[in-house]
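What follows is the residue order along each chain.
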Amino acid sequence: MSFLRSWQAILALVFIIVAVLAPVGNRGISGSLLETGPEALVAIVLMLVATAVAAFPGRTSFTDGAVVFVGAHAGAWQALALLPLVAGGGAGWGYWALVVAAWLLAWRLVTILSAAEPSSRLLALLLRVVVPLIFGAWLLFLWEVVVRGAGVPQVLLPAPSAIGARIAASTYLLWADFRQTFLKAVLIGYVVGCLAGFLVAIVADRVPFLKRGLLPVGNLVSALPIVGMAPIMVMWFGFDWPSKAAVVIIMTFFPMLVNTVAGLAASEAVHRDLMRTYGAGYWQTLVKLRLPAALPFIFNALKINTTLALIAAIVAEFFGTPTVGMGFRISTEIGRLATDMVWAEIAVAALAGSVFYGVMALIERAVTFWHPSFRSR
Amino acid sequence: MSAASYAEFGPARQGGLAARFLRSRFVAVTVIVLAIIALWYAGAFALNAPFQRELDARAELSPTFVEFVHSTWSQERPVLPAPHQVAQELWKTVFLTAPGSKRSLVYHGWVTLSSTLLGFALGTVLGILLAVAIVHVPSLDRSLMPWVVASQTIPILAIAPMVIVVLASVGLTGLLPKAIISTYLSFFPVTVGMVKGLRSPDPINLDLMRTYSASGAQTFWKLRWPSSVPFLFVSMRVAIAAALVGAIVGELPTGAVAGLGARLLSGSYYGQTVQIWSALIAASVLAAVLVGIIGVVQKIVLRRMGMAAA
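Protein sequences, first through last, are from chains A and B. In terms of my numbering, the first sequence has 245 at position 245, counting the first letter as 1, and numbering is strictly consecutive. In terms of my numbering, the second sequence has 1188 at position 188, counting the first letter as 1, and numbering is strictly consecutive.
Be aware that a few hints might be false.
[Said to hold, decoys possible] Once the Cα atoms are required to be at most 30 Å apart in a straight line, the calculated DSSO-like pairs of lysine-lysine come out as:
| id | chain 1 | residue 1 | chain 2 | residue 2 |
| --- | --- | --- | --- | --- |
| 1 | A | K303 | A | K288 |
| 2 | A | K184 | A | K303 |
| 3 | A | K211 | A | K303 |
| 4 | A | K211 | A | K288 |
| 5 | A | K211 | B | K1299 |
| 6 | A | K303 | B | K1222 |
Calculated directly from the structure, the hints in this document are not laboratory data. Quick caveat, the model's predicted, so the values are computed rather than measured.
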């Protein structure tokens, strides 16, 4: 059983042997890996050591992790170093075996790190950050190696390095697009839409009749393809950012409304009764009890809305913009098949979206630290 | 649970039949919907009035107020079409046009619906598989789950045009590219919901399975899977709405050939506001029907499994 559980190590060994024997490239360099230079030998030795350590699945000490880490990344480094030689579809069996062996070791590394039981809380936190980071870095590595080693056409999928170069070469353009789409349309629309949803929810809470009627309608509307309102908004408010902000407002309004109404109903009856025995009025109960109890729901809406707002603004730009903006850039560059620029915009959008979401999540942690879901387990 | 639902329905049980009717949800929703329609008419009047005034001035007409209001509600290309104009257009394109014709909304709706359903099916299967893997392989939970969450902060709809164009350049056209976008949008809620659902059995039940010395597969099929079904349906309701949005946006860059998204785009090119609104209403009805169907299936399945919500 323990033999089977270290199958990654066994497979890695097989692939390392293939990597040493088989030719690295299928044209130009046809020799084996060891003929490419002394670094290759170092990498192979490091990977073999890592494989030996990884073959004992029961042990998950810090040194094991370090050795496997070094071995996996030595292999990856060697693969990257050889990449210029085999770029454009020139990679042979030896090269792919090297990549797969390094990847298997990295998988083993992630398994070791996930199984580790760190002694201090700081170390645990570090692990929670490091494991996904390693996974992401390896995703990028495999993407780069496969795209360049197998010679995937640039139009189909550009390599991460090409996207990075494009980002570096056109920061000014990207910044202008970011300012137009994110700083104007998304942020303004987000703030207005969330505030409006919140205020209407308070009014609906005060007037039960409105609540009974608005809630089903709101639930229905949040399932509707609101993005379709974009052409209408462009027609009404013109090509510049106000029309995009309008789409963002509509898009963010209903999730906020529905969540806030649900949140205001979340306080427990016992607590409301207690407030009544204190002789608290509607507003006192609202501010001191029901709004704090609704905060997790409100933050849920705030987090959902970060992504919705960005999507709404970008899609709205497909229907007409001044000649700046992320959606505009994506739709025009794709027309010229300049996919690296499109991916650069996507990277910026993903980064902006993640940071926006992360900021909301951090604020949530700071404001609702008392909530059970954040208590340390 | 029962206390909360009692509190909700409590007031409605008091008073006579008429009072109960007036307090019912049906009346409230109807009033709200009527209010929205009234607002819509008022908005149509306000937004179309300037242009109508210009038209009248040019034609040297001096209509009475009633005539003027009426003409703002029956323009050829209004800024905001009145509800009855949209309804007429819908009636014309849905029932009076042959379903095979390119002018028929049934035709366009079917194009959108088919890629929605394909994408939804693929996304649900992918989401369930991912969730099963994440629940059973600890290293995937640690490494993959954060990226599943991060993948949704990427505005995928923004990539939609690129996916379509790129897939078209390798010869993949038609249904599948749009369905891929729907898949991407719909797998996420299913994954997140199913991870929650597969982990929802109480530790006490898992321990019981262990005392039975049940295998991993047996625990999965007899405990984890059944207890995740309610979560699955909740996720599927979100997923199918997302899949529809994906299909509509996926139709935008194809050059307005077919589908509700294409109707939106061609309507915005030619200023055919009535056409945009009718496509929008058709999409909304489609979304409501799809979510409704999932809701009905959910009720039936949960009742047969003995988990029907009260």
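**Proposed proximity, A:K288 with A:K303 (alpha carbon, max 30 Å)** = Holds, at about 23 Å.
**Message:** For A:K211 and A:K288, compute the direct alpha-carbon distance and say whether it is at most 30 Å.
**Reply:** With a Cα-Cα distance of about 21 Å, the restraint between A:K211 and A:K288 holds, given a limit of 30 Å.
**Asked** Holds or violated: A:K303 with B:K1222, Cα cutoff 30 Å?
**Response** Roughly 35 Å separates the two Cα atoms, so the pair is violated.
**Request:** Below or equal to 30 Å on CA atoms is what counts here, so check A:K211 against B:K1299.
**Result:** holds (25 Å)
**Message:** Between the alpha carbons of A:K211 and A:K303, is the straight-line distance 30 Å or under?
**Reply:** Since the Cα atoms of A:K211 and A:K303 sit roughly 23 Å apart, the hinted pair holds (cutoff 30 Å).
**Request:** Below or equal to 30 Å on CA atoms is what counts here, so check A:K184 against A:K303.
**Result:** holds (19 Å)
Hint compliance for this structure: hint 6 alone is broken.
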